[in-house]
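K.L.:
Each chain, letter by letter, is given below.
There are 6 protein chains.
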Amino acid sequence: MGKRVLYIKPSAYATLNGDIRSYLEKYSDVDTEVEVWSMPRGPQHLEYEYYQALASQEILKAVLRAEQEGFDAAVIGCFDDPSLDAAREICRDMVVTGPAEAAMGLAASLGERFSVIVGRDKWVPRMRENVVKYGHSAHLASFRPLGLGVLDFHRDPAFTAQRMREEVRRAITEDKAEVIILGCTMEFGFFEQLQQEFGVPVIDVMLAGFKHAEYLAALKQKIGWCTSRVGKYAPPPASEICDWGIPADYDLQGLWLAEK
Amino acid sequence: MGKRVLYIKPSAYATLNGDIRSYLEKYSDVDTEVEVWSMPRGPQHLEYEYYQALASQEILKAVLRAEQEGFDAAVIGCFDDPSLDAAREICRDMVVTGPAEAAMGLAASLGERFSVIVGRDKWVPRMRENVVKYGHSAHLASFRPLGLGVLDFHRDPAFTAQRMREEVRRAITEDKAEVIILGCTMEFGFFEQLQQEFGVPVIDVMLAGFKHAEYLAALKQKIGWCTSRVGKYAPPPASEICDWGIPADYDLQGLWLAEK
Amino acid sequence: MGKRVLYIKPSAYATLNGDIRSYLEKYSDVDTEVEVWSMPRGPQHLEYEYYQALASQEILKAVLRAEQEGFDAAVIGCFDDPSLDAAREICRDMVVTGPAEAAMGLAASLGERFSVIVGRDKWVPRMRENVVKYGHSAHLASFRPLGLGVLDFHRDPAFTAQRMREEVRRAITEDKAEVIILGCTMEFGFFEQLQQEFGVPVIDVMLAGFKHAEYLAALKQKIGWCTSRVGKYAPPPASEICDWGIPADYDLQGLWLAEK
Amino acid sequence: MGKRVLYIKPSAYATLNGDIRSYLEKYSDVDTEVEVWSMPRGPQHLEYEYYQALASQEILKAVLRAEQEGFDAAVIGCFDDPSLDAAREICRDMVVTGPAEAAMGLAASLGERFSVIVGRDKWVPRMRENVVKYGHSAHLASFRPLGLGVLDFHRDPAFTAQRMREEVRRAITEDKAEVIILGCTMEFGFFEQLQQEFGVPVIDVMLAGFKHAEYLAALKQKIGWCTSRVGKYAPPPASEICDWGIPADYDLQGLWLAEK
Amino acid sequence: MGKRVLYIKPSAYATLNGDIRSYLEKYSDVDTEVEVWSMPRGPQHLEYEYYQALASQEILKAVLRAEQEGFDAAVIGCFDDPSLDAAREICRDMVVTGPAEAAMGLAASLGERFSVIVGRDKWVPRMRENVVKYGHSAHLASFRPLGLGVLDFHRDPAFTAQRMREEVRRAITEDKAEVIILGCTMEFGFFEQLQQEFGVPVIDVMLAGFKHAEYLAALKQKIGWCTSRVGKYAPPPASEICDWGIPADYDLQGLWLAEK
Amino acid sequence: MGKRVLYIKPSAYATLNGDIRSYLEKYSDVDTEVEVWSMPRGPQHLEYEYYQALASQEILKAVLRAEQEGFDAAVIGCFDDPSLDAAREICRDMVVTGPAEAAMGLAASLGERFSVIVGRDKWVPRMRENVVKYGHSAHLASFRPLGLGVLDFHRDPAFTAQRMREEVRRAITEDKAEVIILGCTMEFGFFEQLQQEFGVPVIDVMLAGFKHAEYLAALKQKIGWCTSRVGKYAPPPASEICDWGIPADYDLQGLWLAEK
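Residue numbers (the numbering used here), protein chains in the order written: chain A, 303 to 562; chain B, 303 to 562; chain C, 303 to 562; chain D, 303 to 562; chain E, 303 to 562; chain F, 303 to 562.
Bear in mind the hints are in silico, worked out from the structure with no lab data behind them.
Watch out, some of these pointers could steer you wrong.
All copies of an identical chain are treated as equivalent in the list; a pair is satisfied when it fits inside any one copy or across any two copies.
[Stated by the list, open to error] Lysine-lysine pairs mimicking PhoX-like chemistry, simulated, CA-CA at most 25 Å apart:
(1) Lys328 to Lys363
(2) Lys424 to Lys478
(3) Lys424 to Lys363
(4) Lys522 to Lys328
(5) Lys363 to Lys478
(6) Lys363 to Lys522
With the sequences and hints as input, model every part of the structure.
P.N.:
Structure follows, in structure tokens:
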């Protein structure tokens with residue numbers, strides 16, 4: 303029984319989709335089938351809450367479609383975990399996770415304190431909210447901004463790597479970080495060299511989110527553990543959604559059926 | 303100099319808009335002009351995170367339009383404060399608030415502990431997150447669900463009032479609540495009788511949100527205090543939004559202009 | 303129906319009372335009548351907890367007298383909010399607030415993180431306790447002391463402004479503050495220039511406290527919301543107070559009547 | 303070298319002073335000299351914050367006088383620890399503590415969770431603030447009110463004991479308390495029988511406060527540890543106090559001297 | 303490349319080792335080789351901290367031996383995660399985890415609030431400390447004791463299942479739990495029926511710990527992420543250990559070598 | 303009635319036992335009899351969790367033996383308070399404490415914020431956990447490492463004193479510490495000079511732990527307060543321990559008797 307895992311690139315930036323798929327396949331389980339979807343419209347990065355709100359409609363549509371197509375798990379590929387709670391509400395069988403949930407949980411078990419290497423100062427307040435939400439306030443050593451935007455990381459990889467090196471060094475020596483999180487999925491591909499150079503775990507959040515999705519898929523298949531449908535993630539009634547004309551108004555035909 | 307305040311009803315339920323406007327005008331400042339807008343499409347209530355995500359696009363469009371039309375302040379009329387952070391990012395002059403921020407802040411200054419009378423159990427996890435976010439964990443006496451949905455409150459007002467009475471009594475005697483919050487904007491209109499009967503402040507969150515918006519508008523006009531544009535609420539660049547074709551793709555023509 | 307709001311200057315320093323009244327009137331609502339009372343005896347500033355304890359007797363007497371004279375609201379004009387809880391216990395109709403409660407609540411809604419520009423290091427521990435009490439621990443970027451006492455701020459305003467400028471700059475650039483609080487009522491009058499210069503909201507706590515009192519007065523008049531008389535602010539019995547001879551012993555004749 | 307320890311009864315209720323002194327002497331160290339002072343005027347109990355504010359003037363005067371008379375330590379005998387921070391500011395050599403600080407610290411080391419048996423519901427909010435202030439939130443099992451006022455406890459001791467028995471039983475069986483705190487100094491004298499009956503530590507807060515004061519006095523004498531005069535407890539300048547006429551206006555002649 | 307995962311039964315109770323191995327193999331990955339080791343001496347269960355302290359020596363010896371024998375990961379099979387921090391210090395290549403870390407992290411991502419079904423009241427204080435340590439205070443709905451000891455669960459499985467059913471029902475209906483944790487590894491084997499009956503995820507902590515160990519082993523093999531050797535888990539110097547004669551005195555010959 | 307207090311040196315380093323005994327006697331009560339025991343085998347310092355785990359067996363054996371020999375109180379002389387919870391479980395009459403519990407509780411009452419002068423960076427994570435456990439997060443100004451190991455402090459006392467002086471100065475001026483804790487029992491003997499030089503309380507944790515043990519012994523003798531045997535510290539049954547052969551296997555003959 304194989305696992306089908308979807309990497310949702312929640313922005314309308316598809317340039318690297320092939321690279322990302324290859325990257326994930328390099329680290330995937332033997333029985334995992336990977337797909338990468340980016341969004342058909344919307345912002346090309348999600349550095350603002352407004353962009354995340356705009357993107358939510360397409361993200362959640364992708365989640366509905368993925369479940370219909372039989373994926374076992376999906377990861378919403380942005381370190382802010384946008385739309386994650388809503389996605390869990392509308393999944394019946396598919397499990398969903400996000401890079402922040404996955405990476406922080408992992409980092410907190412590999413060491414006592416982690417630092418997050420982010421792109422810009424602007425990102426910090428929302429990420430700090432997630433640190434609190436996921437229960438890791440006591441593990442946060444620091445945020446260390448690179449002064450780069452999401453789309454800059456792969457423009458001049460040598461420069462990016464150099465800036466990362468500087469901030470990782472400060473995180474370890476000044477902030478006493480024991481684990482490093484590269485706090486943006488588009489910082490993918492840099493961890494290996496840093497990990498080797500500094501000798502501490504360096505978490506690539508794209509990988510962390512993907513592997514966690516794969517792991518949750520396996521737990522669901524083997525043990526039946528999946529998102530609780532009671533309380534916070536209790537699902538909205540499809541009949542109500544159809545009565546309100548949501549499928550037509552939001553281009554979701556076939557994804558919500560009254561009898562669901 | 304008068305104040306223009308917009309009450310954004312973030313669902314596609316317009317039936318009571320006239321009543322709501324009259325209700326707010328009854329309590330507004332003499333120099334305040336009130337409008338009530340509901341959404342042209344989408345869910346008729348926001349009891350699920352998925353509904354809030356669906357609604358976000360229209361809410362944020364309304365915010366953009368309201369600013370363009372010269373409103374001084376807006377309140378997003380749902381006790382979950384949906385899209386509030388994103389709304390603040392995209393406002394240049396208009397201030398925005400939400401009923402939860404307003405009501406909890408007020409309740410915490412009128413007494414030590416408040417109870418929130420909610421519709422269903424399902425609402426509690428997200429509202430509890432807001433209690434934490436707004437810093438009122440130590441003030442929360444309890445959530446007390448009525449077993450009613452958003453659209454039920456005004457169907458049989460006598461029954462609703464009776465259920466509220468029961469839960470308010472328990473909140474005061476068993477949970478030691480000193481202040482009561484009626485935790486849904488559609489619970490509007492019930493506070494007065496309860497307040498009289500129980501002799502403790504009973505916060506109508508529609509009113510609390512509206513009055514707070516009015517107050518913030520006054521502070522902006524008189525003192526110049528408005529949302530910081532540094533850090534968490536730093537605004538996205540209009541040029542980027544236009545380059546990506548967002549205005550056309552999201553039906554926002556004229557609301558985002560590249561030179562902004 | 304106009305509002306009468308009292309600004310209680312809780313120290314025996316009356317030199318600037320006229321200036322303060324003019325200052326507040328400049329920003330008050332059209333229907334607000336402002337008075338400023340300072341204390342007839344006691345410390346001239348409240349930088350020590352001992353001074354605040356000494357001052358409490360006159361502050362609370364002023365509160366009793368203000369209610370008797372029909373004020374709708376009062377603000378105890380010191381950023382430590384001295385005697386605020388006790389004041390709430392003894393008010394029947396008048397609402398009371400303090401600059402810290404008002405300013406911090408406001409700052410937390412205008413941005414994610416605020417810095418407080420204080421006079422001396424000594425003030426910080428007690429103010430930090432208030433940050434916790436009011437639920438804003440997660441919003442505190444820093445305290446930044448000026449090295450000036452309460453009575454120094456208006457001695458050499460140009461120097462004060464210069465020092466403020468230096469610390470505000472550090473708060474924004476080093477501590478990532480998004481909002482600035484000038485953490486002493488006697489720092490009044492400096493906010494406007496700083497706000498213009500730095501482009502972030504700068505909260506004058508005298509104004510913040512006064513406007514909040516005015517707002518609470520309006521809510522009481524229009525909606526009937528006022529301090530809960532159950533639990534934390536339940537009032538002491540006047541009969542007991544009279545039996546013990548408190549009115550005579552504490553110079554409170556006529557302010558406590560057994561039949562109250 | 304003997305120790306002189308003062309028990310400050312912070313209310314104007316002297317009826318039991320002799321009993322209290324005998325009670326404390328029964329448990330004191332051999333080299334300790336005990337005195338009990340009650341206040342010359344003011345409330346006879348401190349169940350309200352207003353009463354604590356009224357009492358503060360006499361409490362702090364007693365503290366000044368005690369230091370002048372050479373006491374080594376004092377305890378302010380009310381479980382709300384009123385005026386404790388201010389008292390520490392004005393002591394040069396004498397150390398001061400309160401029953402809440404002492405009893406909660408002790409209880410937290412004798413077991414994981416404690417319940418506090420209080421007089422009335424009204425007391426709870428302020429005491430809960432002290433639980434937080436002293437860092438024991440995680441140790442609080444419950445507050446259990448007896449429905450009795452401070453002056454009731456010794457009116458009908460058999461009834462009081464019976465009510466305590468009921469609430470202690472509930473605290474242990476329902477709230478899983480491992481240690482009991484009798485949360486009012488006037489609940490003194492009941493602990494022994496309860497302790498024997500229930501087999502868990504029952505903290506008499508009068509004793510806990512007194513013994514802690516005695517212990518701090520010993521540490522000061524033997525090791526030189528006493529209240530830090532830097533930061534939170536930095537003392538006000540006597541010269542300023544004299545310049546303002548405080549000694550004359552507050553009946554403190556001889557207690558503040560300009561050269562101090 | 304297969305994974306070798308060790309299940310350390312940290313007590314001297316080997317009766318069910320074969321059953322446990324079969325149980326784990328039923329859920330393991332195809333490339334995982336499982337072993338189960340129990341301790342050669344010591345307590346047969348770890349319900350007391352004293353027992354955990356006694357057991358620590360054998361647990362840590364097993365960890366050293368397991369690494370020497372080339373295991374990729376180990377899980378210390380007790381829901382208190384005894385000796386986990388020390389185990390991480392002394393591992394060079396093997397990763398180690400515990401059932402509490404694994405189960406709580408998982409539960410917090412499957413729902414908002416979990417309840418833990420424990421054996422006895424006695425267990426609760428230490429487990430609550432772990433809830434805090436792992437950052438899940440906000441997710442804890444309740445502890446629900448069964449009134450059974452570790453060795454009782456499998457004595458009368460029908461009775462155990464019945465008691466679990468009662469407490470799970472209360473956890474869901476009264477405490478609003480969305481996920482259930484069976485808070486003892488010896489509660490293994492009961493989850494499936496409960497999960498089916500109640501329709502919420504029921505976490506078997508033995509499985510959760512084992513699968514997490516397997517997952518960490520895979521991350522280490524594929525991505526190189528393993529315990530940080532900087533800070534909290536920095537390893538003790540083998541030379542010092544040898545100099546002190548630890549290997550001889552603690553029966554650890556061959557497990558610590560000076561040149562390590 | 304005299305008190306017998308045991309200072310447990312939890313490492314196998316006996317060189318300074320005589321000095322330590324003299325040191326403690328210099329500060330002990332007149333009726334206290336002091337003994338110092340070090341461990342017969344094991345690590346010579348406890349800088350690693352592994353070392354603390356190794357040492358636990360001898361520490362707990364010493365505790366059992368001490369109780370049998372009639373000691374009234376013991377202190378486990380390491381600032382990590384190793385094995386303290388387990389020690390409390392197995393004591394019937396003897397009370398036990400640790401230097402961290404004692405020193406932090408004391409420091410928090412002598413000032414608002416304390417800094418801890420530690421040996422190495424490595425120590426900080428575990429000590430920070432204890433700061434949280436004991437409820438003092440809000441009081442922690444900083445940890446300041448000296449770059450010295452436990453066994454270094456008394457090798458070159460002049461150098462150690464010099465390094466302490468540097469870090470104490472930084473703690474006071476940069477971190478605003480009001481109280482200093484010398485965070486290792488082997489930093490004993492340095493406090494007096496630092497205290498005199500800097501004018502703030504400097505807590506020697508060996509002394510703080512010892513005096514607290516002495517104080518708890520006195521409270522037990524005079525008032526009957528001792529460790530609760532309900533809940534967290536409920537004792538393991540001796541019969542079970544004997545049935546399992548623990549006394550023979552762990553060299554504890556005569557210390558556990560089935561009839562206990």
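K.L.:
Hint by hint, say whether it matches the structure.
P.N.:
Taking the hints in turn, this is what the structure says about them:
| no. | hint | verdict |
| --- | --- | --- |
| 1 | Lys328 to Lys363 | neither (28 Å within a copy, 36 Å between copies) |
| 2 | Lys424 to Lys478 | both (23 Å within a copy, 10 Å between copies) |
| 3 | Lys424 to Lys363 | between (28 Å within a copy, 23 Å between copies) |
| 4 | Lys522 to Lys328 | both (23 Å within a copy, 14 Å between copies) |
| 5 | Lys363 to Lys478 | neither (42 Å within a copy, 30 Å between copies) |
| 6 | Lys363 to Lys522 | within (22 Å within a copy, 34 Å between copies) |
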